[in-house]
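Construct the entire structure; sequences and hints are all you get.
Protein chains in written order, with numbering that gives the first Met the number 0: chain A, 0 to 354; chain B, 0 to 354.
Don't take every hint at face value.
Facing chain B, a subset of chain A residues (Cβ under 10 Å, in silico) [claimed, not checked]:
no., residue
1, Ser35
2, Ala128
3, Ala147
4, Ser250
To be clear, the hints were calculated from the coordinates, so they are not data collected in a lab. Glycine included, each C-beta is placed from N, C-alpha and C at the ideal position.
There are 2 protein chains.
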Amino acid sequence: MTASPARAAVPSALRRARDAVTPATRDFLSRLDDTSAAIVAYHLGWTDAAGVPTRGGGGKAVRPALATLSAQAAGAPAQVGIPGAVAAELVHNFSLVHDDVMDGDTERRHRPTVWAVWGTTSAILTGDAMLALAQEVLLESPSPHRAAAARLLAEATRNLIRGQVLDVAFEQRHEVSLAECLDMVSGKTGALLRASAMIGAVLAGAPADVIDALSTFGAELGIAFQLVDDLLGIWGDPATTGKPVFSDLRSRKKSLPVTYVLSQGGLAARELASWFRTASPDRSSANGPSPEMSPRDGEARAADLIETAGGRQWAADEARRRIEAATQALHAVPMPAGPRAELIAIAHFIVEREA
Amino acid sequence: MTASPARAAVPSALRRARDAVTPATRDFLSRLDDTSAAIVAYHLGWTDAAGVPTRGGGGKAVRPALATLSAQAAGAPAQVGIPGAVAAELVHNFSLVHDDVMDGDTERRHRPTVWAVWGTTSAILTGDAMLALAQEVLLESPSPHRAAAARLLAEATRNLIRGQVLDVAFEQRHEVSLAECLDMVSGKTGALLRASAMIGAVLAGAPADVIDALSTFGAELGIAFQLVDDLLGIWGDPATTGKPVFSDLRSRKKSLPVTYVLSQGGLAARELASWFRTASPDRSSANGPSPEMSPRDGEARAADLIETAGGRQWAADEARRRIEAATQALHAVPMPAGPRAELIAIAHFIVEREA
Numbered sequence: 000m001t002a003s004p005a006r007a008a009v010p011s012a013l014r015r016a017r018d019a020v021t022p023a024t025r026d027f028l029s030r031l032d033d034t035s036a037a038i039v040a041y042h043l044g045w046t047d048a049a050g051v052p053t054r055g056g057g058g059k060a061v062r063p064a065l066a067t068l069s070a071q072a073a074g075a076p077a078q079v080g081i082p083g084a085v086a087a088e089l090v091h092n093f094s095l096v097h098d099d100v101m102d103g104d105t106e107r108r109h110r111p112t113v114w115a116v117w118g119t120t121s122a123i124l125t126g127d128a129m130l131a132l133a134q135e136v137l138l139e140s141p142s143p144h145r146a147a148a149a150r151l152l153a154e155a156t157r158n159l160i161r162g163q164v165l166d167v168a169f170e171q172r173h174e175v176s177l178a179e180c181l182d183m184v185s186g187k188t189g190a191l192l193r194a195s196a197m198i199g200a201v202l203a204g205a206p207a208d209v210i211d212a213l214s215t216f217g218a219e220l221g222i223a224f225q226l227v228d229d230l231l232g233i234w235g236d237p238a239t240t241g242k243p244v245f246s247d248l249r250s251r252k253k254s255l256p257v258t259y260v261l262s263q264g265g266l267a268a269r270e271l272a273s274w275f276r277t278a279s280p281d282r283s284s285a286n287g288p289s290p291e292m293s294p295r296d297g298e299a300r301a302a303d304l305i306e307t308a309g310g311r312q313w314a315a316d317e318a319r320r321r322i323e324a325a326t327q328a329l330h331a332v333p334m335p336a337g338p339r340a341e342l343i344a345i346a347h348f349i350v351e352r353e354a
Numbered sequence: 000m001t002a003s004p005a006r007a008a009v010p011s012a013l014r015r016a017r018d019a020v021t022p023a024t025r026d027f028l029s030r031l032d033d034t035s036a037a038i039v040a041y042h043l044g045w046t047d048a049a050g051v052p053t054r055g056g057g058g059k060a061v062r063p064a065l066a067t068l069s070a071q072a073a074g075a076p077a078q079v080g081i082p083g084a085v086a087a088e089l090v091h092n093f094s095l096v097h098d099d100v101m102d103g104d105t106e107r108r109h110r111p112t113v114w115a116v117w118g119t120t121s122a123i124l125t126g127d128a129m130l131a132l133a134q135e136v137l138l139e140s141p142s143p144h145r146a147a148a149a150r151l152l153a154e155a156t157r158n159l160i161r162g163q164v165l166d167v168a169f170e171q172r173h174e175v176s177l178a179e180c181l182d183m184v185s186g187k188t189g190a191l192l193r194a195s196a197m198i199g200a201v202l203a204g205a206p207a208d209v210i211d212a213l214s215t216f217g218a219e220l221g222i223a224f225q226l227v228d229d230l231l232g233i234w235g236d237p238a239t240t241g242k243p244v245f246s247d248l249r250s251r252k253k254s255l256p257v258t259y260v261l262s263q264g265g266l267a268a269r270e271l272a273s274w275f276r277t278a279s280p281d282r283s284s285a286n287g288p289s290p291e292m293s294p295r296d297g298e299a300r301a302a303d304l305i306e307t308a309g310g311r312q313w314a315a316d317e318a319r320r321r322i323e324a325a326t327q328a329l330h331a332v333p334m335p336a337g338p339r340a341e342l343i344a345i346a347h348f349i350v351e352r353e354a
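This is how it looks when you write it as structure tokens:
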């Protein structure tokens, strides 16, 4: 998506975090009833819907990697951050399972979503169970700072939900300012990434300036993450992202590049605004295509408008600026060099990823 | 429903707890986005759906009363239990809002449910927000035992959800043993009442024997609560309960009195089992009534069968036995006399209530 033509190398911290977090997560899941535990194992990609173990699976483990590196950034062993890693991943997946119910999405990571397999009731209950379990994981950590870590995660969860509430509200509105959109993103995507980047240091009892630096790092990373998500949602390669071409335009998502262009005014903004107002999401053809333009042509035209008006460039530049600010925050405080370099590698991976 | 002909007097502890918990809850709700805060205020009965303040409202405040009395039982001021009271009430209401979505119930306490007014997405998000906020409330308590209290509540939440998962699973099964049904109830209804009865004492740093006694008290109270709920669900006066006559039979709920009769075997059990198998819940008339019997006649016949086979008497006796065990647990440990008497008064109120 950016200057680098080759696919970004996956930082080894992500693999290490995945390996460390999986057995700990498995242990905690055994506390759930069999049905909920099986549903979570499926959702995490450990099994198929019949419960048969599968290879690989799961997401990119960004949050677990941040949580364990955050403990190491505070001079503690990665182990100290594991409860934070498990808990953050549970909260992340709680939100994915509930999101899929609310959005009616039937596929995630090329597999049927939980509600599509087990129904809405099981999806709601399984999400609820993951959220409750996340708090248990933290509160059973041996760290004397477990209450502060649990409070951080609960606050992040509330802000994540607040972001989702705003996201839903914005869908009903024609005008959303760039500031409002950034505020929504800082909740929906930023809150949990920020908490993940802090939680290991909190569990390790790090000094306030280190925790503050990790907070800035995580918050900036969160915005950068969403900017790249939004770029991939418009210009991502379907073969790599697994999503249809112009995916976010097809669903008429007022993502950050779109909101940027709309906020700039001018001819392109007016044409784009008019297209967003008149074309119905996802069902353009059913609702009668314009005589001149097929739905796909309309999406291609919208993508061109966003690019011509500078939305694509702005989002890519802004993502790099955010990563720069994140990096600077880490350099401003004393921190072991290894974990700092690995945190920065994750930040770069996030803006260079292609899926 | 029992020997007392007059309606049971509402213990003053319930009113005191409601008065103490409302302002604290209001303070914490101000952290939510405006939409979620307004939805919670409506759900709690503080406002109508347009946000206009209403008089009274809310439930019986049993959990807040248990939480504050539990602090007093440990010799601490009621104030120490307030974060536990607010948090328990938030978890209780999280589960009600999500339950109404899952059950498709359009009315609660004679008012439209949250999802019926604001839609499923808002109901899921509002429930999620209440659950996250409950943990924040506890973790910001000044008590040095806040982490233990938060862990207790998270565990209770997980067990509550487990009870709901079992409840859903049992609806799909023809045979559920009495032991299985009691296990489900100890999660769905018992877990949070037990945690409420313990949480004030935990926040107060009470000795283990006092906490254990309150745990037994709350767990037994939970089963008694559900037994009375189940009796009211069949024989409650619609004018008092606000539910239709034979409400639980109409929805074919395999409640405790029903499960007791089915587990006893014999003619009545066989006729009852056959009625539960063949009659469709809620839609008997739409699915074609039996030529001999209207749906209402069928429900009356089922109620008679349960009563004749001893299900009604068993449930009433069992509720009293549970309250007796709960009371004995409190008498077995040292505790100030006032809070003990008030806890016991709540227990009696619960079995004597008519709604």
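Structure-based check of all given hints:
For Ser35 (chain A), the interface hint holds, since its Cβ comes within 10 Å of a Cβ in chain B; the closest pair sits about 6 Å apart. Because the closest C-beta pair between Ala128 (chain A) and chain B is about 5 Å apart, less than 10 Å, the hint holds. A hinted interface residue such as Ala147 (chain A) counts as satisfied when its beta carbon comes closer than 10 Å to some beta carbon of chain B; here the least separation is about 8 Å, so the hint holds. Interface hint status for Ser250 (chain A): violated, as the beta-carbon distance to the closest one in chain B is roughly 15 Å, over 10 Å.
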